[in-house]
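Colleague: Here is what each chain is made of, one letter per residue.
Protein chains: 2
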Amino acid sequence: MKISFEPIGYVRTDAETVPRHWTVSDVKGFLDIKQEFTPGLKDIKTGDQIVVLFHFHKSPPFTPDMLTQIPPHRDREFGVFSICSPRRPNALGLSVVRVDAVHNNMIEVTGVDMLDGTPIIDIKPHILFREECPSHPKR
Amino acid sequence: MKISFEPIGYVRTDAETVPRHWTVSDVKGFLDIKQEFTPGLKDIKTGDQIVVLFHFHKSPPFTPDMLTQIPPHRDREFGVFSICSPRRPNALGLSVVRVDAVHNNMIEVTGVDMLDGTPIIDIKPHILFREECPSHPKR
Numbered sequence: 232m233k234i235s236f237e238p239i240g241y242v243r244t245d246a247e248t249v250p251r252h253w254t255v256s257d258v259k260g261f262l263d264i265k266q267e268f269t270p271g272l273k274d275i276k277t278g279d280q281i282v283v284l285f286h287f288h289k290s291p292p293f294t295p296d297m298l299t300q301i302p303p304h305r306d307r308e309f310g311v312f313s314i315c316s317p318r319r320p321n322a323l324g325l326s327v328v329r330v331d332a333v334h335n336n337m338i339e340v341t342g343v344d345m346l347d348g349t350p351i352i353d354i355k356p357h358i359l360f361r362e363e364c365p366s367h368p369k370r
Numbered sequence: 232m233k234i235s236f237e238p239i240g241y242v243r244t245d246a247e248t249v250p251r252h253w254t255v256s257d258v259k260g261f262l263d264i265k266q267e268f269t270p271g272l273k274d275i276k277t278g279d280q281i282v283v284l285f286h287f288h289k290s291p292p293f294t295p296d297m298l299t300q301i302p303p304h305r306d307r308e309f310g311v312f313s314i315c316s317p318r319r320p321n322a323l324g325l326s327v328v329r330v331d332a333v334h335n336n337m338i339e340v341t342g343v344d345m346l347d348g349t350p351i352i353d354i355k356p357h358i359l360f361r362e363e364c365p366s367h368p369k370r
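Line by line, the protein sequences give chains A and B. Just so you know, the numbering used here puts 349 at position 118 of the first sequence, and the rest follows in order with no gaps. Just so you know, the numbering used here puts 347 at position 116 of the second sequence, and the rest follows in order with no gaps.
It is possible that part of the hints are untrue.
Any copy will do: because identical chains look the same in the list, a pair fits if it lies in one copy or spans two.
[As the list claims (entries may be wrong)] Taking lysine-lysine pairs in the DSBU-like style, the calculated list, with each CA pair at most 35 Å apart, reads:
id, residue 1, residue 2
1, K233, K289
2, K259, K233
3, K276, K265
4, K265, K233
5, K273, K289
6, K233, K273
7, K276, K289
8, K289, K265
Hints are computed from structural coordinates only; laboratory data are not their basis.
Whenever a hint applies, use it, and build me the whole structure from the sequences.
Modeller: This is the structure in structure tokens:
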């Protein structure tokens, strides 16, 4: 059983080296979303934190020895499902970035840890607490 | 350009109606992960909050009129990328659930808002603040 997605857009950044992780990145870039999806961006505002789901398109094929890995700066192996490594059974990435501006279908962001050209699969609100959910009855 | 994923496992729950959202769900269930991935679960512990990425496998095909939608309990339309609706350009879901126990390849969780049989694409740590990242230098 295969699950198929098509990119809704691509990451654009001038950074030549890959920032290691969004939690330590101050790199700026753009989420270049396909024009056809622009109406879906209308509630994304400057200052928002958004979740970007993307394809680790440069990752090598997954092999069973990657089920545990030693993350950078750590001294022991972790199970792959407890770390953010790009080498995982499904090459699906998640980053939280800050919105600096929205220009039509281009979202200007800070906190990029993806390569230029990375395919974007989805954008979601970043919900830290239950009440922040846009569909929460208390909103 | 297509991005292809294969399920790493499936959600199991007895709930007959779909909880509306993880932020308001107390439903219990299991993440039934394929045996071959069990070593990758070793650092998932009771009490952890984990991010589950899954396929909205029962969603209807996306059509442009779904680019804005009125979420439950709200009175205006939101752009699809600012809400958690299962009707989105790529039917990719994200929920945060609490781990109650781990039995080999079965993760017992609370906060399920997926249907029984939902294909799981990935599990990631739930990182609220930069310092919580397993690969953060301060850890």
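Colleague: Hints first: check each against the structure and report whether it holds.
Modeller: Structure-based check of all given hints:
1. K233 / K289: both (20 Å within a copy, 14 Å between copies)
2. K259 / K233: both (34 Å within a copy, 27 Å between copies)
3. K276 / K265: Answer is within; shortest intra-copy Cα gap is 18 Å, inter-copy 40 Å.
4. K265 / K233: both (24 Å within a copy, 15 Å between copies)
5. K273 / K289: both (31 Å within a copy, 26 Å between copies)
6. K233 / K273: Both: 32 Å inside a chain and 26 Å across chains, each within 35 Å.
7. K276 / K289: both (30 Å within a copy, 30 Å between copies)
8. K289 / K265: Answer is both: 21 Å inside a copy and 25 Å across each meet the 35 Å cutoff.
In summary, this structure violates none of the numbered hints.
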